[in-house]
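Chemist: In order, the protein sequences belong to chains C and H.
Residues in the first sequence are numbered consecutively from 0, following numbering that gives the first Met the number 0.
Residues in the second sequence are numbered consecutively from 0, following numbering that gives the first Met the number 0.
Treat the hints as calculated values from the structure; they're not laboratory data.
Don't take every hint at face value.
[Stated by the list, open to error] For each label pair, taking beta carbons as the anchor points, the in silico distance ranges come out as:
no., chain 1, residue 1, chain 2, residue 2, range
1, H, 163, C, 89, 22 to 28 Å
2, C, 164, H, 187, 54 to 60 Å
3, H, 103, C, 114, 39 to 45 Å
4, H, 18, C, 168, 33 to 39 Å
5, H, 242, C, 165, 53 to 59 Å
6, C, 74, H, 273, 58 to 64 Å
7, H, 380, C, 150, 50 to 56 Å
8, H, 199, C, 112, 16 to 22 Å
9, C, 71, H, 242, 45 to 51 Å
10, H, 18, C, 261, 17 to 23 Å
11, C, 114, H, 300, 44 to 50 Å
Beta carbons: idealized from backbone N, C-alpha and C, even for Gly.
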Amino acid sequence: MTNASGSAVAERLSVGEVELEVLRRGAGRPVLVLHGLQTVDPRARFLDLLGRTAEIIAPSHPGFGLSPRPADFETVYDLVHLYLELLEALPYEKVALMGLSFGGWLAAEVAVKCRHRIDKLVLVDAFGIKVSDRETPDILDVFNTSPPEVLRRSWHDAGRAPDPNAMSDDELVVRARNWDAACLYGWHPYMYNPQLKRWLRRITVPTLVLWGASDGIVKPSYGRAYSALIPGSRFEVIEGAGHHPEIEQADAFAGAVGRFLGR
Amino acid sequence: MDAWWQCEVPYPFVPPDVLNAADSVRASLPNRYCDPKIAADLFEEVIDEFLLCDDLGMNVLAVEHHAGVNSLLGANPLLVGILARQTRQVRILSLGTLISLRKDPVRVAEEYATADVISRGRLEIGFVKSGGSEMASNNANPVTNVERYWEAIDLIKKALSHQDGPFSWEGKHFTHRHVNIWPRPWQKPHPRMWSATGDPETAAEVGRRGMVHVLVLRGPEGTKRAYAAHRKARAEAGLPKVTTDNFAYAAFAYVGDTDEEGVRVGSKLLWFLHTSLKSAPQYSRFLPGSSPPQAAPQLYRTAPPAAAAPGAVLTAGQNAARLTSITAEQAMAQGILFVGNPDSVYRQVMEFYDKVGGFGHLSLVGRSGFMTHAESEKSIRLFSKEVLPRLREIKPVTVD
Numbered sequence: 000m001t002n003a004s005g006s007a008v009a010e011r012l013s014v015g016e017v018e019l020e021v022l023r024r025g026a027g028r029p030v031l032v033l034h035g036l037q038t039v040d041p042r043a044r045f046l047d048l049l050g051r052t053a054e055i056i057a058p059s060h061p062g063f064g065l066s067p068r069p070a071d072f073e074t075v076y077d078l079v080h081l082y083l084e085l086l087e088a089l090p091y092e093k094v095a096l097m098g099l100s101f102g103g104w105l106a107a108e109v110a111v112k113c114r115h116r117i118d119k120l121v122l123v124d125a126f127g128i129k130v131s132d133r134e135t136p137d138i139l140d141v142f143n144t145s146p147p148e149v150l151r152r153s154w155h156d157a158g159r160a161p162d163p164n165a166m167s168d169d170e171l172v173v174r175a176r177n178w179d180a181a182c183l184y185g186w187h188p189y190m191y192n193p194q195l196k197r198w199l200r201r202i203t204v205p206t207l208v209l210w211g212a213s214d215g216i217v218k219p220s221y222g223r224a225y226s227a228l229i230p231g232s233r234f235e236v237i238e239g240a241g242h243h244p245e246i247e248q249a250d251a252f253a254g255a256v257g258r259f260l261g262r
Numbered sequence: 000m001d002a003w004w005q006c007e008v009p010y011p012f013v014p015p016d017v018l019n020a021a022d023s024v025r026a027s028l029p030n031r032y033c034d035p036k037i038a039a040d041l042f043e044e045v046i047d048e049f050l051l052c053d054d055l056g057m058n059v060l061a062v063e064h065h066a067g068v069n070s071l072l073g074a075n076p077l078l079v080g081i082l083a084r085q086t087r088q089v090r091i092l093s094l095g096t097l098i099s100l101r102k103d104p105v106r107v108a109e110e111y112a113t114a115d116v117i118s119r120g121r122l123e124i125g126f127v128k129s130g131g132s133e134m135a136s137n138n139a140n141p142v143t144n145v146e147r148y149w150e151a152i153d154l155i156k157k158a159l160s161h162q163d164g165p166f167s168w169e170g171k172h173f174t175h176r177h178v179n180i181w182p183r184p185w186q187k188p189h190p191r192m193w194s195a196t197g198d199p200e201t202a203a204e205v206g207r208r209g210m211v212h213v214l215v216l217r218g219p220e221g222t223k224r225a226y227a228a229h230r231k232a233r234a235e236a237g238l239p240k241v242t243t244d245n246f247a248y249a250a251f252a253y254v255g256d257t258d259e260e261g262v263r264v265g266s267k268l269l270w271f272l273h274t275s276l277k278s279a280p281q282y283s284r285f286l287p288g289s290s291p292p293q294a295a296p297q298l299y300r301t302a303p304p305a306a307a308a309p310g311a312v313l314t315a316g317q318n319a320a321r322l323t324s325i326t327a328e329q330a331m332a333q334g335i336l337f338v339g340n341p342d343s344v345y346r347q348v349m350e351f352y353d354k355v356g357g358f359g360h361l362s363l364v365g366r367s368g369f370m371t372h373a374e375s376e377k378s379i380r381l382f383s384k385e386v387l388p389r390l391r392e393i394k395p396v397t398v399d
């Protein structure tokens, strides 16, 4: 079985009645990775780097990648409960939970609700809360902003962005599915839960909040505020990276995550 | 055949260098470029034109578009309310307040019922799925747009026709626990309903619901295909055949004394296509949910997309791209511009009628761009006196 890119093997995983495409890599302590607006590219270097000491389990959310989306499964509430159920179903007493961007929002929600199946939490350029005043958006509206501007604000070096012209048809279809699904789940309120901020104090596991220094989608100051709401969490910035430090600075990213998880 | 006069109240008076520099003339163009004094003059002229139609017996049609040079009619129910009171005889089609953008369909039903009562039963209610830039302008999730469209229609229809006290609606997109509108509409069970759509799936649903099906600037092939989907869906559902009265077509139209005048002045209407369709990619090509993911290879690569295969159904965005560079000659050949002297316009309309298998309603997009009030009124007079009586001779027929 091949996945959209034609490389690597994508497994399937059933959670209740929902079937997920899952990317697995490496061996070691289990790490559940929740992807952002785009699914994790199986060729991404950070997977191999983390995989040296960790077993990566990276499902595609329903509607993203090659995961089907059941009818009426269309809210963050659904996603959060799906991953709560997945945590119960995994053959590990506890896993480390990592969320990237939109997936960071999901990870924070899951960590608020579930304290017995998670031993560590990593939030990377995460969405999910409202920090600034009502006329200052914290999270760039990627759906209503010109694509060149979204690109500019997503990357420290936009030259590192995936090039649609170099992608296969299947990969582009997946990108479009991801785009539609992200819009469906995150349109309103745009990429945050107004109530989440209040409950972040319930997160009691060791938490690392990692941020790309050049992130123009959600700025490091937002990450700092996010971190301040999670008791005892640690905030770290990765230089030379925008919204995707795991891609732009895979080594520094894997280093920071590795140090945190190995602690 | 019946005819309906339509003017979108475009605002062409933005400096060309501003329009050229903007990536979109809709949704994001700052409203400092819209002078309210000019806007007031435009509204006055256009409403007077609608009233001239009323004097001459031509029905009127009010559209809605948001936040752009293409139209100042962001608040369709306001114009419909004015027309309900100030016209006295013709029928008024709201096409329509954009229901998938409105948070509360019950309020829409109240507005429509009120207009129907004020006009003493002259209102017709049209529904439009909205354009991509309007999702941004109205904070409306584009992915669930079509679901909201149908649910809102269901709720509006029930609110207009239910007479037995409060009912409750707990739908997927709308909840309203206590629906009981006053006044109820004049017409029973409710004003006739229309729907504007070109894609086969929605066309089929329009057919099953028996709504008047209007195609806007789609040309003969797209129009014929949509009408066919409408009829096929009815046949498959075991529903009775409909007449041409269920079908409508909207095109640019201008009638002059001579062909030369008709073409020369009528060509001004193409401003709407050349200038006012410009929409940034985030509101069109990359708008979530607007194309199936399988279309992504065409849409995402920067190489110019290959021309759509003959017979392919164009997305609204692709249709717009096709129209922005059209010439008057091409527009006439494609059946989206009916211009000339009265005989020529009649002939062009009937040629189109024959190509698509007939329709019962012609909507004339009769004023746009820099066309003047005087030019517009001249066309209204000539059309009403010289063309409309001939079109009225064409009676509804059952279509196989």
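Chemist: Would you mind marking each hint as holding or not holding in the structure?
Modeler: Outcome of the hint check:
{"no.": "1", "hint": "163/H x 89/C: 22 to 28 Å", "in the structure": "54 Å, violated"}
{"no.": "2", "hint": "164/C x 187/H: 54 to 60 Å", "in the structure": "59 Å, holds"}
{"no.": "3", "hint": "103/H x 114/C: 39 to 45 Å", "in the structure": "40 Å, holds"}
{"no.": "4", "hint": "18/H x 168/C: 33 to 39 Å", "in the structure": "36 Å, holds"}
{"no.": "5", "hint": "242/H x 165/C: 53 to 59 Å", "in the structure": "54 Å, holds"}
{"no.": "6", "hint": "74/C x 273/H: 58 to 64 Å", "in the structure": "42 Å, violated"}
{"no.": "7", "hint": "380/H x 150/C: 50 to 56 Å", "in the structure": "54 Å, holds"}
{"no.": "8", "hint": "199/H x 112/C: 16 to 22 Å", "in the structure": "44 Å, violated"}
{"no.": "9", "hint": "71/C x 242/H: 45 to 51 Å", "in the structure": "38 Å, violated"}
{"no.": "10", "hint": "18/H x 261/C: 17 to 23 Å", "in the structure": "58 Å, violated"}
{"no.": "11", "hint": "114/C x 300/H: 44 to 50 Å", "in the structure": "46 Å, holds"}
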